[in-house]
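K.L.:
Please build the complex by placing chain H on the supplied structure of chain Z, with the hints as guidance.
Here are the chains, one letter per residue:
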Amino acid sequence: MSSNKKYWKSVEELNENSSVVETLQQKEFAEEIPVDEFLGDKDSLEGSKTSRRDFLKYVGFSTAAASLAACEGPVVKSIPYVVQPERIVPGVANYYASTIADGFDFASVLVKTREGRPIKIENNDLAVAKGGANARVQASVLSLYDSKRVKRPMIDGRNVSWEEFDREVGGALEDVSGEIVLLTQTFASPSTTKLINEFSQKYSNVRHVVYDTVSENAALNAFEAKFGKRGLPNYDFSKAQTIVSIGADFLGDWQGGGYDAGYAKGRIPENGKMSRHIQFEANMTLSGANADKRIPVTPSQQKAILAALYGYVSGSSSTSNLPSAVDDAVVKAATQLRSAGSGAVVVSGIPDDDAQALVLAINEALGSSVMNTDNPRMIRQGNTEEVNALVEEMKNGSVGALLIAGVNPAYSLPNGKEFAEALAQVEVAVDFAMKPDETAKLCKYVAATPHYLESWGDIQYTENQFGLMQPTINPLFDTRQFQDCLLKWTDNNNSYYQYIRETWDGSIDSWNNALHDGIFEASAPEGTVSGTSSEVAVVNASAAARRLSQNDEGGGLELTLFTNTALGDGQQANNPWLQEMPDPITRASWDNYLMVSKADAESLGLENENVSNGALNGSYVNITLGDSVVKNVPVIIQPGQAKGSVALALGYGKKEGIQSEMQVGVNAYPLYKDLKSVQRVSLEKTPGMHEFACVQLHNTLMGRGDIVKETTLEIFNTKDVHEWNSTPEVSLDHIEKEVTSPEVDMWEGFDRSIGHHFNLSIDLNACTGCGACVIACHAENNVPVVGKSEVRRSRDMHWLRIDRYYSSEENFREDLDKKENIAGLGSSLSEFGELEEPADNPQVIFQPVMCQHCNHAPCETVCPVAATSHGRQGQNQMIYNRCVGTRYCANNCPYKVRRFNWFNYTKNEEFDYHMNNDLGRMVINPDVVVRSRGVMEKCSMCIQKTQKTILDAKRDGRVIEDGEFHTACSAACDKGAMVFGDINDKEAEIVKKKEDDRMYHLLEYVGTKPNVMYQTKIRNTSEA
Amino acid sequence: MKKVNYRHSTSRLLLLMVAFLISFTFSGFAQESAEGGAVSQEQAENQESEEGEVSAAAEASSLGDVDNGKSLFNSLCAACHKPYSESIGPALNGVTDRHEMEWLYKWINNSADLIASGDDAAQEIFEEYNETPMTAFPQLSEQDINDILAYVEQPKPEPQSSGVNDPAQASGGGDGVSVNIILGILVFVLVMLLAVLFLVNKTLRKFAYASGVVIPEKPKGKPIHKAFIENQFLVLVTAVVVLLGVGYFAYGFVMQVGVDQGYQPIQPIHYSHKIHAGDNEIDCKYCHSSARTSKQAGIPSLNVCMNCHKTISEVAPETGNEDYSKEFYDKEIAKLYDAVGWDPAQQDYTGETKPVKWVRLHNLPDFAYFNHSQHVTVGGIECQKCHGPIEEMEVVYQNAPLTMGWCVNCHRETEVRMEGNEYYEKIHEELSKKYDVEELTIAQMGGLECAKCHY
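Chains as they are written, first to last, in my numbering: chain Z, 117 to 1140; chain H, 0 to 454.
Be aware that one or more of the hints could be misleading.
[What the hints assert, rightly or not] Here are the simulated DSBU-like cross-link-like pairs (lysine-lysine), alpha carbons at most 30 Å apart as the crow flies:
{"hint": "1", "chain 1": "H", "residue 1": "Lys425", "chain 2": "Z", "residue 2": "Lys1102"}
{"hint": "2", "chain 1": "Z", "residue 1": "Lys448", "chain 2": "Z", "residue 2": "Lys342"}
{"hint": "3", "chain 1": "Z", "residue 1": "Lys355", "chain 2": "Z", "residue 2": "Lys342"}
{"hint": "4", "chain 1": "Z", "residue 1": "Lys1061", "chain 2": "H", "residue 2": "Lys433"}
{"hint": "5", "chain 1": "Z", "residue 1": "Lys1064", "chain 2": "H", "residue 2": "Lys433"}
{"hint": "6", "chain 1": "H", "residue 1": "Lys219", "chain 2": "H", "residue 2": "Lys273"}
{"hint": "7", "chain 1": "Z", "residue 1": "Lys714", "chain 2": "Z", "residue 2": "Lys125"}
{"hint": "8", "chain 1": "Z", "residue 1": "Lys1110", "chain 2": "H", "residue 2": "Lys225"}
{"hint": "9", "chain 1": "Z", "residue 1": "Lys533", "chain 2": "Z", "residue 2": "Lys267"}
{"hint": "10", "chain 1": "Z", "residue 1": "Lys1110", "chain 2": "H", "residue 2": "Lys273"}
{"hint": "11", "chain 1": "Z", "residue 1": "Lys267", "chain 2": "H", "residue 2": "Lys384"}
{"hint": "12", "chain 1": "H", "residue 1": "Lys273", "chain 2": "H", "residue 2": "Lys384"}
{"hint": "13", "chain 1": "H", "residue 1": "Lys309", "chain 2": "H", "residue 2": "Lys353"}
{"hint": "14", "chain 1": "Z", "residue 1": "Lys1064", "chain 2": "H", "residue 2": "Lys353"}
{"hint": "15", "chain 1": "H", "residue 1": "Lys356", "chain 2": "H", "residue 2": "Lys309"}
{"hint": "16", "chain 1": "H", "residue 1": "Lys325", "chain 2": "H", "residue 2": "Lys284"}
{"hint": "17", "chain 1": "H", "residue 1": "Lys284", "chain 2": "Z", "residue 2": "Lys1061"}
{"hint": "18", "chain 1": "H", "residue 1": "Lys284", "chain 2": "Z", "residue 2": "Lys1064"}
{"hint": "19", "chain 1": "Z", "residue 1": "Lys853", "chain 2": "Z", "residue 2": "Lys771"}
{"hint": "20", "chain 1": "Z", "residue 1": "Lys789", "chain 2": "Z", "residue 2": "Lys747"}
Since the hints were made in silico from the structure, they are not lab data.
Next comes chain H alone, as it looks inside the complex:
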């Protein structure tokens, strides 16, 4: 080393800077994880304190086993009663303050007897609730009743703090920030690297110049585009490739026109098929009843919703999830009440209705005739076959492409369900002889004829 022209060489500078940056980044990560940790701690604390409260309440009530009470309540009472609000029957929280335990045992075991015996309090309640008799539960022992009362007498849990209630926003936001930071840093580093390389190159050239080394000049060849144009073979091949590529993408574009697979519009009421069909396992045809008899599966009218939602004015706390909170769902149920004109406070219909304008997902063109009952009742096809895993969809999307090719494929492959259907007896016998098969596909039955669906 003869000369040390530049003490602070760029490479060293670079190294230093990288080291500095990396240490900076690490500290960023550390900070983030610390934040996350803090949140989870908060959550844990919250939960703990709640549990503490609950257990304290349970101990305080000392009436019975809360867990057993809860299961009994859900199976026997929940159809008409809610712990903290009025339903068909009164809210049960605080009932032990309003009535003697003995009276409660009698009432629950057989309320009609108690009313008949001329008990004032019993008659008053009976009249207050439109003389709707309460089912007698002679099977409940006093201990069972104690357990139920223990469950309903728990104080109403306070709404959880917003940090927990809106985890979607909090965590989503946090993730977004950290990723952005990392990306930003990386971009910065790359830019720095480029600058450094440029500087190094410049410095080396200076060295060379200083030390008298001559860098040989590259001979200037033909510009590449000229060379390309002169090579006809290459031009031809490229043209063919480009045309094929354009054709491929154009075809792809044209073929997807009008195909709305994955269409997932936002509905006026956030109705979760996951909760209804998935978690609660309600049969599809309970609500879409006309799928059995009609060409349309039908969007259930609001009175069908009210069969259940007359008593379900809010979702259970555990229904709320990361993406949608309990409050969110309760608000959607309130929208239903608003549309159907149900006043939950009065437990009565106001008569003011606002029909819900759902957004239709599956839009077959007018020239295609499709009949649900043919597929559902006659064919015994599961709804999921075309509509996909509806029971897992929080927001429904169009699962199938609904193209003619898709229909026809299924008609080619699917065997007609004929057993036990007198209609098919004769034709099955004749056709199976003709085609020499036992099971007949829809296509063999004539299900591919144009006018079976287009008229």
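With the rest of the complex left out, here is chain Z:
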């Protein structure tokens, strides 16, 4: 039953005596305005040079100046094209299909351009090869306008022309004595492979080393050993019935990411069925948060679990030496896997060749149709052994020239310092870089490369699925692609564009169609396959299982290094949108931090505390691994973190080529030894407290726990809807009436049956918390970035937030009872007992919340200047030019979705983010106004988009079909969790959503009648 559960957002809320929580529940604006501090201090008042009369003078003068300045309008110049390109109509957006392939994120996208400027990234619906654009891909358009980019080629830090650069580098390459090594990202590009082959033919001593910043080496090795190709198995989670993940965050960036859309399809209960997801993991990931059952285990236990699971699935063993509670879960998982038949799948993220080989073996033994090894993914090609060998070779001087493209090894290699020293031994060091980063600083030659939105390219997602990358803007700077440079240096006068066309000439039917769609299916053309098929070895799975199950006991805590949703591998660390996006799990932004379990924190004396305004502070630790020490890492105590394990996100702590505001967090790469994500480390507490910008405790539930509704699949299938999703009732003349009934309504309803009436449905089952909608909303609506200290003060401007709620397994009180009972049973079960403590293994629910567009909106009635009013189409309209900033509306909003502009965030040195420079402002959507200081703002239900759809239909004189209306968030959600439409169109999908049994409104009993609805979360808790 939904209402029995207790939900909480922060561990602090579980403390019944917390004064902080009490304060936050009572007050909308927790922080007092420091009037007393200023006026109460007599000395400072008297010492102040500004007297009352001065103050009045200033006010008088500035008023007079302002009114005088207002008298004369500025002269606005308007400069049309000299020759207007045929396809550009000023004021009308053009869309181009392209592909992002930065070595970490690979996705087919649509680029929205206005007057030739890319302003937004959208999903390419045609893309079948891969899921949609995640938060980083959505935000990548802002990285195009990064003012820190390398603007022209440089030699020894001196700006040179490309001619000079070609001459110098060409000459240097001719004369080089040792080997020429290309150290690159995974391009997964047939044309680039072919081109590098040609380059090798010209300079006979060329070697290509592929380096993935975040390695999938183990999975690649295992796949190569079994199938003779360096690739990764492809999974279609929409077919899955039982998913068992052992340390694989497959809803995150595991093996290239993009699996969340397929997964979400299987999570929506249809005909009483949905997939069952069991997750064994150490740190709380998106996958664990979405799992039906999550078992927190350390990475070393994960290996044993995988081995045991292999034994149970293949029938080769029936016991394991796992703790009984965990063993029980593994046994049940194995049973469920077997019963799911071809819909069963096991995935793992353990960075171990044996483990990955076992995964392939288990899935094969299960006959899984979810895993596809015939059409493997090609978007990870990195080879750790070669990278490690390269550093050694560089040191002993056998490398004559090193051409680095798309990677930043001086920052991201665990032995970055060693690499930097070795680089000095290399005669010719060329870095193809977009940023003056750590590596570019060390290289003599720096070739300025364009952003992917300024480049050509072809990308091989899988064996037979390809994508094309096309420029959507002229290069902003004097840049040249890596491939164009190689062409120049192989004396090929073609451009890379011509080269790609030549490569595909004959292999595809129509180049124009392929370019239009951005994706196509084909087989790779001749000469573009990188590695030749190697010998296929027979892998002995049981031997692998045996090796895995042998405990590799070591001292210290087990550290998992992961990539978080916002920054990934850290390439876009200079992107303020991403920095400000709160992490889906911890809700902290502008930081990375060590996540530790509550038990470990207590034993190490680590603390988290909430200060009076709800902001979070945490202790610091030093992390030691061998001889590398990462100092002053802030700590967050993470519910659900396995005891004995800690976790730290990669990608932070960059210092070069990044502006000072974004130099946040610590660099975890020095701990990424052998490019393996699991390490054994020791912690040492250091003094001081870190100030987090964590929005976790902002706007607490205020005792309204029923904002989230969830139930189990069993109840959903068997019980009446009133049992698990009842509409609240109120008493009218001593008769209980549903609050939705018009009789109990204080308000006079308007007739909304005519015209459009927009509703948005959010399916809590399909939402994985990925945050793509948050960034899409930022980009579409010109939402400002406020910076770390402002976020800490609860002044974040996100129009759309994804609330994360924790809940205990069952009723909270029952939990405590249960725990006491178990503790009495014996020491072997004590660990299991602790598992059930609410903060140790909570269930997680993600709930995107934006303005609910209440038909009976509390905010509208309290506005003294009628700056917020209601539209016939259902929008709660916020009129910025009318707003005087009383903030009454925010106080009266039960959903806490209104955001106040405390400052002017545009052209303001204090907020030196993209809106403070001409380049960054190019990303601003011209159809949405940039708000000024002192006004409220909030979600507009993307009225600019619905209005445009309506206008297009009016111009064409046609009826609007279902699916044409979109908001930025619903368009960005490739999981189908957000559905937007017109409920007056009886055929629309949104009408079905509204009539669905799972549908409920937030805080229905308040009687606000929102136009945003939610679908109750269903968990598949069946154990058999």
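P.N.:
Here is chain H on its own, set in the frame of chain Z:
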């Protein structure tokens, strides 16, 4: 009359002076009208002599009817040829000297045939003009061709004398001078009158004194301001009136802040909407094409100008008017060529472009969203409804106040054009039932909601 103390009384003196002045003024007027007359005579002479020349030329050419030739030339030839300068084809003046008449007939009737027949002269011309074939005109009779040639063989008219070319300056200056003179004289007269009155008064007082008449002294009353202050009612009323007046003007001042109705900036190129949209009746949306599909009407890019101006490098002589001469307009077209990088001599683009920085007239604030296509294409609103009589504007000014009240009024009054638009079918049916009207205004459609324009 006993005493005649002053023989020359001031009044007589005054009369005399006035008479003198008036006669002076008249002579001034006369002079002016004489000048005007002289100018018009000059003009007339000029015109006459020109006409004489023209008619002489026409007679001299004796090829045909110049008037018919002119109309034929304008309708058939002017797209590619100009009489006195090169265009897509060669300048036609003097063509009868360069070629035989028979050859010309053949060429004009079908140049391709002539080229194909291997005629040297024909091939030479064909190659010289980038092998651009000339349209065949088999419909032209020999007489027609004679008429055209008669028209183009007229000698180039000399530029008209500056007096005529700059009538604005001449006449404007003349008017200004005469008015000033009149005003000056009037002021002088008034001053004289005042002086005379003073003198008369003085003289009369002297008379009175001399004749012993005692002028009674007026008793000194309270000064008026004291009286005013003491009358509280008056003070109150005045205060109220003053406050109301100040309030009225302050309100008027505040309400016009930011309203730029009548804003008429000087543009970098003097583009005359009157000539294009008025005289030549070019559709607004030919140049402002994005008004049909976009929120912006768009300032046409220069390549749109060149669609026509590639061949129109100068305006017709009759386009020049009192305020702006033909030379002035031709100079503005030259500015366009300079901006777009067109070399009229080579008939080619140089590639050097200088984008034109137009001054924007209609500046809606950022927080107001306006979409042209909604109004132009969907609503079928004439451009003039908001922009005023553009076709009469030599220099465009902002016609409408562009205030919210102005927008809202129109949305209240205007009926939505729904016929034939499937989008509106359902909503029209439902709404007309609801409001019990056949025609729906924009307001009834929800066009007054804040967020329809502010987001």
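K.L.:
When the structure is checked against the list of hints, which entries are broken? Sort them ascending.
P.N.:
6, 8, 10, 11, 14, 19
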